[in-house]
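Chains as they are written, first to last, in this note's numbering: chain Y, 1 to 303; chain G, 304 to 820.
Derived from the structure by calculation, the hints contain no laboratory data.
Cβ atoms here follow ideal geometry from the backbone N, Cα and C, with glycine treated the same way.
Distance windows between CB atoms, simulated:
| no. | chain 1 | residue 1 | chain 2 | residue 2 | range |
| --- | --- | --- | --- | --- | --- |
| 1 | G | W793 | Y | A215 | 57 to 63 Å |
| 2 | G | D409 | Y | I296 | 46 to 52 Å |
| 3 | Y | G297 | G | A819 | 49 to 55 Å |
As a list, the in silico EDC-like pairs of lysine to aspartate or glutamate whose alpha-carbon atoms are at most 16 Å apart:
| no. | chain 1 | residue 1 | chain 2 | residue 2 |
| --- | --- | --- | --- | --- |
| 4 | G | K349 | G | D517 |
| 5 | G | K419 | G | E437 |
| 6 | G | K780 | Y | D29 |
| 7 | G | K398 | G | D367 |
| 8 | Y | K9 | Y | E127 |
| 9 | Y | K294 | Y | E249 |
| 10 | G | K398 | G | E361 |
| 11 | Y | K28 | G | D748 |
| 12 | G | K780 | Y | D66 |
One letter stands for each residue in the lines below.
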Amino acid sequence: MINRPTPKKVRIRRSMMFMNAQKPNLLKDAYIYGVDSIIMDLEDAVAENQKDSARFSLFNTLKNIDYGDTEVIVRINGLDTPHWQEDVRVCVAAGVDGIRIAKCESADDVRTVEKAVAAAEAEFGVESGRTLLMAALESPIGIMHAYEICTASTRLFGVAISAGDLRKSLHVKSEPGGVEMFTARSQVVMAARAAGVQCFDTMWPNLDDEAGFEAETIQARQLGFDGKSLINPRQIAFVHQTFAPTKAEIAYAEKLIRSFNAQQDSGIGVYTVDGKLVDVPFFDDARRVLAQAKAIGIYHGEL
Amino acid sequence: MLNAVKRDIPEALLAGRTGYQGKYAKDGQSLHKAAPTITQALKPQKSKLADSLKAACEACGAHDGMTFSFHTEYRNGDKVAAMAAKVLIEDLGLKDITVAATSLGDAQANMAQYIKNGQITGVQTSGVRGVIGEAISAGELQTPAIIRSHGGRPRAIAAGEVHIDIAFLAAASSDAFGNASGIRGKNNCGSMGFAIDDAHYADHVIVVTDTLVDFPNVPAAINGVDVDAVCVVDQVGDPSKIATKEARMTQDPRELMMAQAVAKVIAASPDFKDGFSFQTGVGGPSLAVNRYLEQYMTQRQIKMSFALGGTSKAICDLQDKGLVNYILDTQDFDQGAVAHFATHPNHLECSLDQYASPANKGAFVNNLDFVVLSALEVDVDFNVNVVTGSDGVLRGAPGGHPDTAAGSKCCIIVTPLTRGRMPTVCDAVVTVTTPGDSVDVVVTDYGIAVNPQRQDIIAQLDAANIAHTTIEALRDKAYALVGTPAPLEWQKRVVAVVEGRDGSIVDVVRQVKPFAF
Chain Y
1 MINRPTPKKV RIRRSMMFMN AQKPNLLKDA YIYGVDSIIM DLEDAVAENQ
51 KDSARFSLFN TLKNIDYGDT EVIVRINGLD TPHWQEDVRV CVAAGVDGIR
101 IAKCESADDV RTVEKAVAAA EAEFGVESGR TLLMAALESP IGIMHAYEIC
151 TASTRLFGVA ISAGDLRKSL HVKSEPGGVE MFTARSQVVM AARAAGVQCF
201 DTMWPNLDDE AGFEAETIQA RQLGFDGKSL INPRQIAFVH QTFAPTKAEI
251 AYAEKLIRSF NAQQDSGIGV YTVDGKLVDV PFFDDARRVL AQAKAIGIYH
301 GEL
Chain G
304 MLNAVKRDIP EALLAGRTGY QGKYAKDGQS LHKAAPTITQ ALKPQKSKLA
354 DSLKAACEAC GAHDGMTFSF HTEYRNGDKV AAMAAKVLIE DLGLKDITVA
404 ATSLGDAQAN MAQYIKNGQI TGVQTSGVRG VIGEAISAGE LQTPAIIRSH
454 GGRPRAIAAG EVHIDIAFLA AASSDAFGNA SGIRGKNNCG SMGFAIDDAH
504 YADHVIVVTD TLVDFPNVPA AINGVDVDAV CVVDQVGDPS KIATKEARMT
554 QDPRELMMAQ AVAKVIAASP DFKDGFSFQT GVGGPSLAVN RYLEQYMTQR
604 QIKMSFALGG TSKAICDLQD KGLVNYILDT QDFDQGAVAH FATHPNHLEC
654 SLDQYASPAN KGAFVNNLDF VVLSALEVDV DFNVNVVTGS DGVLRGAPGG
704 HPDTAAGSKC CIIVTPLTRG RMPTVCDAVV TVTTPGDSVD VVVTDYGIAV
754 NPQRQDIIAQ LDAANIAHTT IEALRDKAYA LVGTPAPLEW QKRVVAVVEG
804 RDGSIVDVVR QVKPFAF
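Isolated chain Y (complex conformation) (with noise of 0.2 Å):
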């Protein structure tokens, strides 16, 4: 029997990859592609009729497969559903890292869904608070409630933007260079960062169009997202590599921390570094820089 160390909230979630979770030829071995998170999925993924074995498939998987240091998050079943309640007992006697709430609308809908987690947490003998959680937001009004969502919950680490039904709501359809969700997206990225959570942009659904992919996840990084949603393991690559700080990043970050502790002394708060102002604010950024190279092993230094 696996039994998943606690879940970290604050960790790097560049990539999040969804697996049917009925399907245990994808999910045997899901972690070998070095995937941040996976997301296996009860929903939409799953027909009506076969929620029952979805569910017992993802129970034996997580009880016998050692998924190591890639993160495990479920997406349940709408909230709307009779499926939900009994989605959260089985992620929560499997000893899932996380789940993700399907088309949250408001910080009501992520309070129902911590209550029954905790119930859960309590009838299966889990350690109280382990199980994060992250909402989808695929509505306008989700999208409208995202602050509030964001800090509806201590368990909560982070919302993604799903843009597949957003597009309908909005009556719009995916536009090349995305200025159709360009709204959403800020919105989201404004809501996770006022509230100190992580915010990930939708998956790319169209795997042959690998111009497009990359322009979305590019943009995505411009954006202030902290990662990308995925379908398929050849999109992972990429998306790490978008989202890791590249090597002038780095530098850069390290040439602050090391003029900053050499400043420290001084008193004095302002200065210049490669004649450009900086100040406190430039620190903590290099610092995050620098902590975010070493998580996703490019950063070897000191520092």
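Dock chain G against the given chain Y, drawing on the hints supplied.
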């Protein structure tokens, strides 16, 4: 007697030869080469055209107990080998025939019946698949088959251990004098590298073609001076089976991930520099290595001096992009490669002797930096099996595997850790075809293991932050996933000998015990 790969070789087979003693055990030894006995032609002559294949065989002195050979660059579409066997055995009624093939597969399926009938009594080949493999494994061949690598075959021919009476060489085009080529015909196979040595060493050579062209058909793979007769047939091969349109680049994420890992290992080596050389196979992950290697080559602005061996369109594309100076081609895997061979001036034919034989003064494999190969099984001593399935039945081809592994500076095996219920990394392979002393790195979907004798590669991977583990850890993982396989049960009789490229005996294959509950 146990040889250097810990295989027990029956004493009776060791008369006049040795068990495997290590990859360079015979380096520096002298060798007297065998030469053919030919029929001189001094009179004026316009044509060597024969009325029929039967007439050509008679003119070449076909007889009981003879050995005939052919090349298999028409792959599954080959019609000439089956045709030749039928003429010798059915039309001429000959007995006690030995087949000396570069491979045996479905295209030569009629030979399985000749083996069962006791008409073909000897088989020497670089690969065996399908019904012929099953017949040999069932003990139906009278003498043990000899499995040789692509380099081992020309060595055995040059050393006189196999003497070819008649070579039947399928050609895309030929003139009436026997200047023959794999291109310029109706059914092209591209390189005829497999056929060239047979033309030099066989007593008699019959070129079989479906496209007769004007003299001189040059440049030729097979020179008319080596050819006794030319025979025109309707079709030398079925074009739909000769070569696939294009060896497909895999989209399987697991295979792509392994290919990427292989490219990373290569890129971490100090030998990955301008002028490096490279060979890979056509299997899913191997072929995809080309794609990732291209990215590293472009990034570092380096070029490949030569690509060696079996050729697919993927490597031709790299040459067209200016990233590969020369392709030294032994056989073409797809139609793109065949067409490229016919047109690109630096895409050249390479004989098996030149490619891989240990019986010369330095084959091209000795100058190879990296080779990427697949495997049916790899064991914890890094021995590789590419010849027998997990049921012990012959169904594979060493091809150039042992030669490139031994000759290259870095041999990388790429394989999934399990295939269905079969662990690929295991305690001991069913049959050793490539000894572990030639294998340097094993790349699987569950991690990379480096042969401990290559501490230099371990240091390179560490320096490049490429995670690696031990081969034992990979085996443990495989067994944890699919269980520990029960040992195979064999009968006593040896049905095939796996000959090392230097002529030593690496392993034997015994008759399989029919499966029973």
